[in-house]
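Visitor: In order, the protein sequences belong to chains A and B.
Numbering of the first sequence is given in this note's numbering, commencing with residue 1 and proceeding in unit increments.
Numbering of the second sequence is given in this note's numbering, commencing with residue 1 and proceeding in unit increments.
If you're looking for bench data, these hints aren't it; they were derived computationally from the structure.
All of these numbers come straight from a predicted model, not from anything done at the bench.
Hints may be right or wrong, so weigh each one.
Taking lysine to aspartate or glutamate and the EDC-like style, the derived pairs with C-alpha atoms no more than 16 Å apart in a straight line are [what the hints assert, rightly or not]:
id: 1; chain 1: B; residue 1: K237; chain 2: A; residue 2: E66
id: 2; chain 1: B; residue 1: K68; chain 2: A; residue 2: D119
id: 3; chain 1: A; residue 1: K227; chain 2: A; residue 2: D411
id: 4; chain 1: B; residue 1: K237; chain 2: B; residue 2: D96
id: 5; chain 1: B; residue 1: K97; chain 2: B; residue 2: E188
id: 6; chain 1: A; residue 1: K363; chain 2: A; residue 2: E326
Here is how the chains run, residue by residue.
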Amino acid sequence: MKIMSVMSATLVAGAFSVPAYAQTEISWWHAMGGQLGETVNQIATDFNASQSDYVITPVFKGTYEETLTAGIAAFRAGEQPNVMQVFDAGAATVIAAQGATIPVETLLTEFGSGFDSLDYISGVRNFYADNDGTMIGMPFNSSTPIMYFNVEALAAAGVSAPSTWEEFQDVTAPALLEAGFIPLAQSHLPWIFTENFYSRHNIQFATNDNGYGDGTTEILIDQPEIKAHFTAVVDWIDQGYFQWYGTGWGDNQTPFEQGEVAMWLGSSGSFGGLQNTAEFEFSATLLPYWEGITTEPTQTFIGGAALFAMSGKSDAENAATAAFFEYLTSPEVQYSWHRETGYVPVTEAAYALATSDGYYEEKPAAQVGIQQLSLDAGEFTRGYRMGFYVQVRDVMNREYGRILTGEVTVDEGFAAIQAEANELLDRFARTQN
Amino acid sequence: MKRAGFRNPWLPILLLVPQLSIIIVFFYWPAAWAIQSSFYLQDPFGFGSTYVGAENYTRLATSVEYRKVAWFTMIYTILVTFLSLGLALLLAVKADKVIRGAKTYRTLLMWVYAVAPPVAGFLGLMFFDQSVGPLTEFFQWFGWDFQLGVGYTDTATAMVMVAVWKQIPVNFIFFLSGLQSIPRSVREAAMIDNGSGTQRFWDITFPLLAPTAFFLLIINITYSLFDTFGVIDTLVKGEPGNNPVTLVYKVFIDGFRGNDLGGSSAQSVVLMVLVLLLTIFQFRLLERRIHYT
């Protein structure tokens, strides 16, 4: 089986590149479709052309969830790829499975030219790291939720983008509604209105140091701050300040692109796509916060996904993976990825390059994500580490949908999430013995 | 009638091997695996599994959500089965009466059969699109603020409609051929006895169609329970959220999206038992009332 897979990988790689002898071939499973997929293929092609020792073959495996499942199934069958892209919610599952991956820190120290976590911008250092701060996954497409706004719509209403939710509900939203717009929509309730809500306000999200510590972790979701936020959101819906178009990402982004919705909370990684789809001038600003909760809002942590080097590969292949990671984090590649897609550059050097190149003077909105990730850190802003988190998010989405459509009250919804999420966390903890 | 026999006792076994091996590889073996893993709690990467007894089952029995999903699945199955059988029967009876251009009509009615479930789901997505879907606009015209993926009932309505639409042609083909196999003499005799078309249908035609209807009932229940997976997955766009889902879709969500193999296996075993009971029930209770000619 192994020989077969290597042979087929060789055939595939051979079809795209000039065959050369003694090249080490590695595979890369990713979840980047559409325009992003093209950019990923371009990076691989450029890497293959940049040197003659290694050949990498990217394979698109579907959504983030599908890629993770495919990677796990492949690992169980001993057919894992060299590099697998895992998204934020799947990180705990992969990081907990010690022995399934080689920490990027170990990989680059052993097979590359060393590793220093301080090379990375502060918001990305910890999310894919273990309890001791050792980086396990290599941050790749890193994003954070920010607020996009239609410049013309805000000008028509005579308001500027709000920096707090108080300002939004008292000033911005009424004016936008008056001007004939739906003031606000968002695309991912668990990510934007939950995980990053906690981080922006520096509130503890789970016991055990947000789950980074050892032992059983319990989620802290049935809490007054977030419940007050959702109570406000329900109120905004009633007043016409906010509209929810369902759990799907695109359903909420489309009305913004069509100019019906004036402000939209999405990913900093949406920037590249919006430049093609939005026919109006748009810009972005930091995720608003509640002044009633904190007057010192903190940074958010990265979303998106990281690349994990899978274990069980030969030294030669690991060296190839290390070489690819080094290529990928080089300032030039990071900067071009940042420009093409809108994902943030993950290293300080790449950020410096983008700044010195004058990119942010030309496109100020492209800098918002990285600015937000570089705000002051707090005790609870480095992220969260919870197993079966894909299921936990599904529970959140289900209950949030019910809250926003009036099927359950805020109290009922959050009590249900708390109970079900903790049952899942307990189950996950017991799989780890 | 002469009984055929094999001289060599191994020959029938040899002839059965291809079929049996397919059943073993694709049914018995995975089913045995599912039963086994339903008693374990497994690490997603397969580094270890813990025996937890019947916990995966008791968890389902006490879960409010699971009961909600089961309840929805039941209503969904009943609606899809009866609507698609009823509408197909109506269409078949009417098409049976058409003499001129009958072939064209039938072909047009059968066409949808060739559409794969995910494609049907995708067509449904376009019809029920939040901003440009013609059916969404149609519902809004009646004052129903229909929003696919937002309202629970709205999504459920779309699921039922697409699943029914997709299944009507299959039922139509069977009903039509069933109708055409009813002897002309029987119908003519009935015509003399009773002038009412409706009564003739229920007294004569329908009982004669019963074997076809029974077969279709089983096929349609299985279709609603399992084959509508593609329709559901496409309509919810892979994000279950607060949308209604069926039992089989939940098996997929928990196992293949959530990586909880033990819990998902227990659910699939429950489904397996459910289908077994349903089939026994259908054959024991319903089939007795049916006359095969």
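Visitor: Compare the structure with each hint and give your call.
Guide: Cross-check of the supplied hints:
1. As the CA atoms of B/K237 and A/E66 are separated by approximately 13 Å, the hinted pair is consistent with the 16 Å bound.
2. Restraint check: the Cα-Cα separation between B/K68 and A/D119 comes to about 50 Å, which exceeds 16 Å; the hinted pair is violated.
3. For the proposed pair A/K227 and A/D411, the alpha carbon gap of about 7 Å is at most 16 Å, so the pair holds.
4. Proposed proximity of B/K237 and B/D96 is contradicted: the alpha carbons are some 39 Å apart, above 16 Å.
5. For a cut-off of 16 Å, the pair hint linking B/K97 to B/E188 stands: about 14 Å separates their Cα positions.
6. Between A/K363 and A/E326, the direct Cα distance comes to roughly 27 Å. Violation of the 16 Å bound is thereby established for this hinted pair.
The earlier numbered hints that this structure contradicts are 2, 4 and 6.
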